[in-house]
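Chemist: This is what each chain is made of:
There are 4 protein chains.
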Amino acid sequence: MSIAVIYGSTREKGNTEWLTEYVISGLPVEKIYLRDYNILPIKDERHTEAGFQPVLDDYQVVIEQVLKHEILIFATPIYWYSMSGTMKLFIDRWSQSLRDKHLPDFREGLSKKKAYVIAVGGDNPSIKALPLLQQFQYIFDFFGTAFEGYVIGKASKPGDIQKDNKAIANAILMQKVLAEQLKSLEKEKS
Amino acid sequence: MSIAVIYGSTREKGNTEWLTEYVISGLPVEKIYLRDYNILPIKDERHTEAGFQPVLDDYQVVIEQVLKHEILIFATPIYWYSMSGTMKLFIDRWSQSLRDKHLPDFREGLSKKKAYVIAVGGDNPSIKALPLLQQFQYIFDFFGTAFEGYVIGKASKPGDIQKDNKAIANAILMQKVLAEQLKSLEKEKS
Amino acid sequence: MSIAVIYGSTREKGNTEWLTEYVISGLPVEKIYLRDYNILPIKDERHTEAGFQPVLDDYQVVIEQVLKHEILIFATPIYWYSMSGTMKLFIDRWSQSLRDKHLPDFREGLSKKKAYVIAVGGDNPSIKALPLLQQFQYIFDFFGTAFEGYVIGKASKPGDIQKDNKAIANAILMQKVLAEQLKSLEKEKS
Amino acid sequence: MSIAVIYGSTREKGNTEWLTEYVISGLPVEKIYLRDYNILPIKDERHTEAGFQPVLDDYQVVIEQVLKHEILIFATPIYWYSMSGTMKLFIDRWSQSLRDKHLPDFREGLSKKKAYVIAVGGDNPSIKALPLLQQFQYIFDFFGTAFEGYVIGKASKPGDIQKDNKAIANAILMQKVLAEQLKSLEKEKS
Numbered sequence: 001m002s003i004a005v006i007y008g009s010t011r012e013k014g015n016t017e018w019l020t021e022y023v024i025s026g027l028p029v030e031k032i033y034l035r036d037y038n039i040l041p042i043k044d045e046r047h048t049e050a051g052f053q054p055v056l057d058d059y060q061v062v063i064e065q066v067l068k069h070e071i072l073i074f075a076t077p078i079y080w081y082s083m084s085g086t087m088k089l090f091i092d093r094w095s096q097s098l099r100d101k102h103l104p105d106f107r108e109g110l111s112k113k114k115a116y117v118i119a120v121g122g123d124n125p126s127i128k129a130l131p132l133l134q135q136f137q138y139i140f141d142f143f144g145t146a147f148e149g150y151v152i153g154k155a156s157k158p159g160d161i162q163k164d165n166k167a168i169a170n171a172i173l174m175q176k177v178l179a180e181q182l183k184s185l186e187k188e189k190s
Numbered sequence: 001m002s003i004a005v006i007y008g009s010t011r012e013k014g015n016t017e018w019l020t021e022y023v024i025s026g027l028p029v030e031k032i033y034l035r036d037y038n039i040l041p042i043k044d045e046r047h048t049e050a051g052f053q054p055v056l057d058d059y060q061v062v063i064e065q066v067l068k069h070e071i072l073i074f075a076t077p078i079y080w081y082s083m084s085g086t087m088k089l090f091i092d093r094w095s096q097s098l099r100d101k102h103l104p105d106f107r108e109g110l111s112k113k114k115a116y117v118i119a120v121g122g123d124n125p126s127i128k129a130l131p132l133l134q135q136f137q138y139i140f141d142f143f144g145t146a147f148e149g150y151v152i153g154k155a156s157k158p159g160d161i162q163k164d165n166k167a168i169a170n171a172i173l174m175q176k177v178l179a180e181q182l183k184s185l186e187k188e189k190s
Numbered sequence: 001m002s003i004a005v006i007y008g009s010t011r012e013k014g015n016t017e018w019l020t021e022y023v024i025s026g027l028p029v030e031k032i033y034l035r036d037y038n039i040l041p042i043k044d045e046r047h048t049e050a051g052f053q054p055v056l057d058d059y060q061v062v063i064e065q066v067l068k069h070e071i072l073i074f075a076t077p078i079y080w081y082s083m084s085g086t087m088k089l090f091i092d093r094w095s096q097s098l099r100d101k102h103l104p105d106f107r108e109g110l111s112k113k114k115a116y117v118i119a120v121g122g123d124n125p126s127i128k129a130l131p132l133l134q135q136f137q138y139i140f141d142f143f144g145t146a147f148e149g150y151v152i153g154k155a156s157k158p159g160d161i162q163k164d165n166k167a168i169a170n171a172i173l174m175q176k177v178l179a180e181q182l183k184s185l186e187k188e189k190s
Numbered sequence: 001m002s003i004a005v006i007y008g009s010t011r012e013k014g015n016t017e018w019l020t021e022y023v024i025s026g027l028p029v030e031k032i033y034l035r036d037y038n039i040l041p042i043k044d045e046r047h048t049e050a051g052f053q054p055v056l057d058d059y060q061v062v063i064e065q066v067l068k069h070e071i072l073i074f075a076t077p078i079y080w081y082s083m084s085g086t087m088k089l090f091i092d093r094w095s096q097s098l099r100d101k102h103l104p105d106f107r108e109g110l111s112k113k114k115a116y117v118i119a120v121g122g123d124n125p126s127i128k129a130l131p132l133l134q135q136f137q138y139i140f141d142f143f144g145t146a147f148e149g150y151v152i153g154k155a156s157k158p159g160d161i162q163k164d165n166k167a168i169a170n171a172i173l174m175q176k177v178l179a180e181q182l183k184s185l186e187k188e189k190s
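Residue numbers (full-length UniProt numbering), protein chains in the order written: chain A, 1 to 190; chain B, 1 to 190; chain C, 1 to 190; chain D, 1 to 190.
Derived by calculation from the structure, the hints in this document are not laboratory data. In this text the structure is predicted, and so the values were computed from the model without any measurement. Fair warning: there could be bad hints in the mix.
Residues from chain B shown here face chain A by an in silico Cβ test under 10 angstroms; the list is partial [claimed, not checked]: (1) 42; (2) 43; (3) 44; (4) 84; (5) 88; (6) 93; (7) 123; (8) 128; (9) 130; (10) 131; (11) 135.
Derived list of chain C stretches under chain D, where covered just means 3 residues or more per stretch with a C-beta under 8 angstroms from a C-beta of chain D [said to hold, decoys possible]: (12) 42-49; (13) 77-89.
We put the CB at the ideal spot given by N, CA and C, even for glycine.
With the rest of the complex left out, here is chain A (with noise of 0.2 angstroms):
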């Protein structure tokens, strides 16, 4: 029973880590920092005679080991009112996971699966993070994954973060749920 945290960031230790690091304190999770990938943009072969071809970069590993957690936390700077490019660059090579054949049960493994969204903006992200929002939940509809929270966080400069006090209470709320989470996970299995 585990978490991956999936990190969009560019930035090392940036707010959107300080935020994360509230919510994952204690919990037995994998960080995966995108930025320490080559992930390139998907090339849309879907409708190629031989479909998609394989492509020299990191997505493999990375996706490969995502799947391994059983709740999958994204956590976000907001770059212009969305994931940051990287997130997206990663993101966007699902559709050609949905056609691997050495993924088959990739729709189905992200269907059993809990999300969670932390995202950290500077312009006004309680409102203007509402759109980012719903693209997450249109992804996880479409997966059928459990999208069970969020936290937004409101922060432009290295340290921001700290003085948000509204988006660390809500950390610490999602810290708690996702120890009820695993624990019952645990239970399931046992």
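Assemble chains B, C and D onto chain A, guided by the hints.
Modeler: Below, chains B, C and D alone, put in the same frame as chain A:
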């Protein structure tokens, strides 16, 4: 007086391009296919002492080309209810241009432009693309760019778009509006 | 085979009605002007022992009239970025009909209908009406009603709508779709 | 320095009121229960020669009461993914107040106020209430009112809200913010 079309598709002659052809037919347009360029994810160096560092890719060439035009059309397939990763990488880099001393008029320049969006997707885009449109609105609001119109198309397989009468009718209407805008921009200048 | 138009306007022959006339021209339509009826705000008695009590107003007559038709068009001016209060009063009462033993097929009946929305407003409706459309989608999703299409019009003063070429073109397209749907519904029945 | 709570519920002591009590506990508040007043749907007479005519109901009393306060809390159950019809009737009438010569400072008055929203619903409100929040943002933007915060609660049956730890935690946070705002408003005045 001219128009830049910024294509976010990864596929040649796909549905998004087909629909966009209706819009730009007969108009003075420069087509920029982002897939032909190497654009790296932004490194958020806003808060480092040295600031943003030069990046060895094609972004600078593309943004300077875009800025030459008065009207911008963002033409993107809808990937996972959002703009393509290819287009997102391009827009994310605007954060760097905002602080680029070689582009001192970046923000003011964009404030004077008119913007259009053409978005094509397969999964109920007339509703599920609305968050994407709201995000474009927030982006344009940030700069003061006028968001003059959009067309949403419904298509999955190659050629599907040709059956979307509503999208085609709206593309033709957008064509007329663009032609009139170009005329009145000409007059203003002369 | 027929269509009910549910008008939420408080003004006679306003912009919303003008645009709707384009849509329904020549089609078998029953027009229901909510302003002509007395519909009281719902009293939330879901959780009282006795449940909902009969209400002395015109709601029951109106909802029964609506339910006779296969296709529903909700035509509302956009008041404060939402449907008119008049229309909201009517829809709020659906919570009562869901528990009304005299309407045992209320939910299932709505699940078989097709729905359209026509909304006209003055303040950038092509973007600012998007939340309203999402709410209609959530309502229709609740029942399983098919949300077949919408037209957004831009107008403030009387007559303004006649200058909105885009809305008129889309109204005409909706007209065609409705005509075809009626035909194929007739065939199914015969 | 004081707060007006504008209640849109039709039920006494329901979940919305319970949650709001957490927010306002110990603060100088005037509670306005819209259900206690008779407020008629707006008649759109903006464009008639004579303009809006006086209406024989309680709206005027209520709006004048609301305008006396510096901070407004809109507390509404979520009916059909939107504010209650009762609250919508009240807000629709603002279009009349905008043209009311007895309220010459209506618009400017609202521009100086701070606004909060408390919304409670049963069907995945953390996502499905987002359009409602965006509509409130558009309303507040229209006047220049500061949208200072919101709490979304999840509850259907009486008492359900008491199990929503997240909503309660956020209500308590909102309480603190309000207490601080009142203090600093006092200082400004003295």
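Chemist: Decide, hint by hint, whether the structure agrees.
Modeler: Hints, verified against the model:
no., hint, verdict
1, 42, "holds, 6 angstroms"
2, 43, "holds, 5 angstroms"
3, 44, "holds, 4 angstroms"
4, 84, "holds, 7 angstroms"
5, 88, "holds, 4 angstroms"
6, 93, "holds, 8 angstroms"
7, 123, "holds, 7 angstroms"
8, 128, "holds, 5 angstroms"
9, 130, "holds, 8 angstroms"
10, 131, "holds, 3 angstroms"
11, 135, "holds, 4 angstroms"
12, 42-49, "holds (count 5)"
13, 77-89, "holds (count 11)"
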